[in-house]
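Quick note, the sequences are listed as chains A and B, same order. Position one of the first sequence corresponds to residue 1 (our numbering), numbered consecutively onward. Position one of the second sequence corresponds to residue 1 (our numbering), numbered consecutively onward.
By construction, these hints were calculated from the structure, which means they are not laboratory data. All C-beta atoms in this analysis are idealised placements derived from N, C-alpha and C, irrespective of residue type, glycine included. Please note: incorrect hints may appear among the correct ones.
[What the hints assert, rightly or not] Covered by chain B, according to a simulated footprint, are these stretches of chain A (three or more residues, beta-carbon under 8 Å):
{"hint": "1", "region": "11–23"}
{"hint": "2", "region": "55–67"}
{"hint": "3", "region": "155–168"}
{"hint": "4", "region": "222–228"}
{"hint": "5", "region": "243–255"}
{"hint": "6", "region": "308–318"}
[Claimed, not checked] Per the computed footprint, the stretches of chain B lying under chain A, defined by three or more beta-carbons under 8 Å from a beta-carbon of chain A, are:
{"hint": "7", "region": "166–178"}
{"hint": "8", "region": "227–237"}
[Stated by the list, open to error] From the derived model, a few chain B residues whose C-beta atoms are all more than 12 Å from chain A:
{"hint": "9", "residue": "26"}
{"hint": "10", "residue": "71"}
{"hint": "11", "residue": "198"}
{"hint": "12", "residue": "211"}
{"hint": "13", "residue": "274"}
{"hint": "14", "residue": "278"}
{"hint": "15", "residue": "291"}
{"hint": "16", "residue": "309"}
{"hint": "17", "residue": "314"}
{"hint": "18", "residue": "339"}
Protein chains: 2
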Amino acid sequence: MRPVIQFQPRPGILDLGWGHPRPELLPVETWARAATRAARHFGGQALTYGYATGPAPLLEWLSAHLNRLEGGGTAPEQTFVTGGASHGLALVTQVLAAPGDTVLVDSPTYHLAFRILADRGVSVAAAPEGLDPASLTTRLRTLRASGHRVPMLYLVPTFGNPTGLSLPDARRAELISVARAESLTIVEDDTYRELCYDGTAPASLWRLAGGAPVVRLGSFAKTVAPGLRLGWINADPAVIGALAALGYVDSGGGVNHSVAMQMAAFGDAGWYDDHLAFVRGQYRAQRDALAGALGVSAPAGGWFLWLPMPAGLLPAAEARGVSFVPGTRFYADGTSGTTRVRLSFSHLSPADLRRAAERLTAAVRP
Amino acid sequence: MRPVIQFQPRPGILDLGWGHPRPELLPVETWARAATRAARHFGGQALTYGYATGPAPLLEWLSAHLNRLEGGGTAPEQTFVTGGASHGLALVTQVLAAPGDTVLVDSPTYHLAFRILADRGVSVAAAPEGLDPASLTTRLRTLRASGHRVPMLYLVPTFGNPTGLSLPDARRAELISVARAESLTIVEDDTYRELCYDGTAPASLWRLAGGAPVVRLGSFAKTVAPGLRLGWINADPAVIGALAALGYVDSGGGVNHSVAMQMAAFGDAGWYDDHLAFVRGQYRAQRDALAGALGVSAPAGGWFLWLPMPAGLLPAAEARGVSFVPGTRFYADGTSGTTRVRLSFSHLSPADLRRAAERLTAAVRP
Chain A
1 MRPVIQFQPR PGILDLGWGH PRPELLPVET WARAATRAAR HFGGQALTYG
51 YATGPAPLLE WLSAHLNRLE GGGTAPEQTF VTGGASHGLA LVTQVLAAPG
101 DTVLVDSPTY HLAFRILADR GVSVAAAPEG LDPASLTTRL RTLRASGHRV
151 PMLYLVPTFG NPTGLSLPDA RRAELISVAR AESLTIVEDD TYRELCYDGT
201 APASLWRLAG GAPVVRLGSF AKTVAPGLRL GWINADPAVI GALAALGYVD
251 SGGGVNHSVA MQMAAFGDAG WYDDHLAFVR GQYRAQRDAL AGALGVSAPA
301 GGWFLWLPMP AGLLPAAEAR GVSFVPGTRF YADGTSGTTR VRLSFSHLSP
351 ADLRRAAERL TAAVRP
Chain B
1 MRPVIQFQPR PGILDLGWGH PRPELLPVET WARAATRAAR HFGGQALTYG
51 YATGPAPLLE WLSAHLNRLE GGGTAPEQTF VTGGASHGLA LVTQVLAAPG
101 DTVLVDSPTY HLAFRILADR GVSVAAAPEG LDPASLTTRL RTLRASGHRV
151 PMLYLVPTFG NPTGLSLPDA RRAELISVAR AESLTIVEDD TYRELCYDGT
201 APASLWRLAG GAPVVRLGSF AKTVAPGLRL GWINADPAVI GALAALGYVD
251 SGGGVNHSVA MQMAAFGDAG WYDDHLAFVR GQYRAQRDAL AGALGVSAPA
301 GGWFLWLPMP AGLLPAAEAR GVSFVPGTRF YADGTSGTTR VRLSFSHLSP
351 ADLRRAAERL TAAVRP
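The shape of chain A in the complex, shown without the other chains:
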C-alpha cells in the first residue's frame, strides 16, 4: 500500500511525537460546503490564475479577522498568501537571505525550520536561550564582526513549538528594540496564536512593532486543516512586493489560489469562527487530559508539553508503548536538550492521552 498521508501508525505505540490534528476534528463536511460556496459566489474567478499576493476576498476577510483578534495592525496590503507557515518561512528566507548568510534561531525552536533554512544555503546559529537582549546583541555583533551577514532571527514566540510557552511581554518589547537597533528582521512564526485555551494570547511581535522589523508567518494548518496548505505572511509592502515578484509566484498566479478562495468563502460564512471555537474546546480537553494525567502544569495554548525527562528515555518509553520527540531535535546544535522531551496532545483523544501518560510514567519509574 502506497501512503496517502504523512502519519504512519506504529502498532502498539501511542505516539505523542506527531504535531498533527486529531483526525476527528477536521472539518470534512464543512470544507466541501466551502468549495460549493466558493463556486457559487466566485464562479470561474475561483479557478483561474489568481492575483500574486492573494485574492482580495481572502486578504480582506483575513485582515479583518486579524484586526478583530488583535485590535488592528494588519492591512490587506501587508499580507501575502502562502502554502502554509513552512512555505512562508522558505519564501521569506528566499527574499531576505542569500546563500552563505547566517540566520539566528531561537533555542529551542521548531526543528524542521533548520532544514528549511539549510535548503536556502544559509547557516543556522542558535540565539541565546531566553533571548536576553544583551546576550542577543553580543551574539549578533560577534557573528557580524567575524564576517557573517545575519539578516534575520526566526522564533515561535507564542504557545511555541516545542515548549508550548510564550515569550514574556517585556522580552517582546526588548527584542523589537534590539532588532531595530541592529537592523535585524524578526521572523515571527505565529502558527499557534489562535489555539489559546485560557484567557488571551500575548500581543504578537508584529502588532507590537507596528510592522517592520517584524515579518509574521500565519497558517490555517492548525485552526482549519493542514492539508489545505494555506497560510500567510504579514510584512511591510516592500517585502510583500519582493514575494509577489518571484518568478514562480507570478507565473502561477499566486501560490494556492483556489484554496484561498475556498477559505474566503469558509471565513465569510462564519464557519471559521465556529470551527475555531469547536477545536479550541477539544484541544483544551486534550491538553487537560495529558497534563492532568502527568501532573504537570498546562501551557495556555498550542499543541505541546515540553517536559524534563531522564536522558535517553525513548527506547524504554517505546518498549512501554509510548513515543515522543527527544528534546535534542529542537536545538540547532543537535546536542542540547538531552533531558527534555516534546509531547504533543493534538493527535490523540483524551482517553488515549491518559493511557499514553500512564505508559510514560511507568517508563520513567519502572
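Fit chain B to the given chain A structure using the hints.
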C-alpha cells in the same frame, strides 16, 4: 477595488497576450462536486498532512492516465506532486542546480522560466535555436570549458510556448543522445501535451528516454484549471527523493495535498476525461477562428500562434484595440525575436478572436 485574479481587462483592447483559459471553460460546478466526492471518499485523509511525494490516490490515477496516453513509461514512484509546472521548475532547479550554475534554455522559450531560474541564482544561457545536436554540444562544452557548471537544459518541446510547435521526432532522439553523452539533465516542460487538436502529440522526451536523463514537468493548469496550483514532476527516484526531502515539503506534508485529493476524486469519477474532451473541442475552435481569420497555418496543439510581424508593431496594434506579447520576451538575450509575436487563442471566444484578427491585420496594413 483590490484585484482577485491575475487578468486585468483593458478597456477597448482585445488582448491576445494572456495565456489564460477562457473563463467560460473552467469546470466550476464539477470541481465543487469533486470536493464533495473527495470528502465522502477520503474523509479526514483529504485534509491532514499528506505524504511528501503526493497522496497515493492521485499518484495512482495520474500514472495510469499518463500510461494510457503514452503507452506506458510512468510509475507512481517516478512522480512528485507540485503546485503547478512553474513551481515544478523552481523545485527541480533547487535540487539540480546551485547558485552560480548556468542553465541552458531553448530559444525561444517560456519567458517566465527566465525569472524562475534567476530566482535560484543561476545564469541563463540560450541553447542554439533548433537544438541542432552538434551546435548544442559545442555550446555546452564551451560553457563548461570556461568554468561554468551546466546541469540542465529547459525546454517546452511539445506545442511549445511561445511557438505552438513541437520538436521533430528525430531531433528528440538526438537531444537525448547529447544529454546522455554530456551528462546534462533535460527538463521537459510538458504542460501542453494533452491540448492536442489534430491527431496525437509527439512522444515525450520522458517516454523516449525511458526516464533519466529527462525530468518532466506536467500541469493541470491548462487541462483543468490554473487556480488549482497542481502539477507534477516525473523523474527517477533519486530526484523524487531529493524533492521529498526538502524541508518545507516535509514540514508541510506535500505541496498541495487537499487539492491533490480532490483531483484524484475528479479523475477517478471520469470527469477529467470528460472535461479534457470538452476543452479540446473548444480550444480547437478558438485556434481555427484565429488562424483562419489571419490566414496562417494552425499549430496542432497548445494555446499559441507565433507569427512574423513588423518590428515595433505593438503601439499601432494597441491603437487599433488589439494586443499581444512581443517576441523579444521569449529570448534569454531580450533582443532576438523583434519580428515575431506570440498570439494566444486560449482566452477569447471565437467571435472575439476574429475581431482581434481584423484589428491586427488593419494595424499591419493600415
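We went through each hint and held it up to the structure:
1. Under the rule that three or more residues need a Cβ within less than 8 Å of chain B, the assignment of the region 11–23 of chain A holds, with 3 such residues.
2. For the region 55–67 of chain A, the stated coverage by chain B holds: 5 residues have a C-beta nearer than 8 Å to a C-beta of that chain, and at least 3 were required.
3. For a cut-off of 8 Å, the count of residues in the region 155–168 of chain A with a CB near a CB of chain B stands at 0, and the three-residue condition is violated.
4. With a threshold of 8 Å between beta carbons, the proposed coverage of the region 222–228 of chain A by chain B holds, since 4 of its residues qualify and at least three are required.
5. Taking a C-beta to C-beta cut-off of 8 Å, the region 243–255 of chain A contributes 9 residues in contact with chain B, enough for the three needed, and the coverage statement holds.
6. Only residues whose beta carbon comes within less than 8 Å of a beta carbon in chain B count, and the region 308–318 of chain A has 0; fewer than three means the coverage is violated.
7. Requiring three or more residues with a Cβ within less than 8 Å of a Cβ of chain A, the coverage given for the region 166–178 of chain B is violated, as only 0 such residues are present.
8. With a threshold of 8 Å between beta carbons, the proposed coverage of the region 227–237 of chain B by chain A holds, since 3 of its residues qualify and at least three are required.
9. In this structure residue 26 of chain B is not separated from chain A by more than 12 Å, as the shortest Cβ-Cβ distance comes to only about 4 Å.
10. Here residue 71 of chain B stays apart from chain A, with its beta-carbon at least about 23 Å from theirs, past the 12 Å limit.
11. Residue placement check: residue 198 of chain B keeps its beta carbon more than 12 Å from all beta carbons of chain A (closest about 27 Å).
12. At the 12 Å boundary, the C-beta of residue 211 of chain B stays outside the reach of chain A, the nearest C-beta of that chain being 19 Å off.
13. Distance check for residue 274 of chain B against chain A: the nearest CB is about 16 Å away, which clears 12 Å, and the non-interface claim stands.
14. At roughly 14 Å from the closest C-beta of chain A, the C-beta of residue 278 of chain B stays outside 12 Å, upholding its exclusion from the interface.
15. With a minimum CB-CB distance of about 24 Å to chain A, residue 291 of chain B clears the 12 Å threshold, and the non-interface call stands.
16. At the 12 Å boundary, the C-beta of residue 309 of chain B stays outside the reach of chain A, the nearest C-beta of that chain being 25 Å off.
17. Residue placement check: residue 314 of chain B keeps its beta carbon more than 12 Å from all beta carbons of chain A (closest about 20 Å).
18. Look at residue 339 of chain B: its CB is around 26 Å from the nearest CB on chain A, clear of 12 Å, so calling it non-interface holds up.
Of the numbered hints given earlier, the model fails hints 3, 6, 7 and 9; all others are met.
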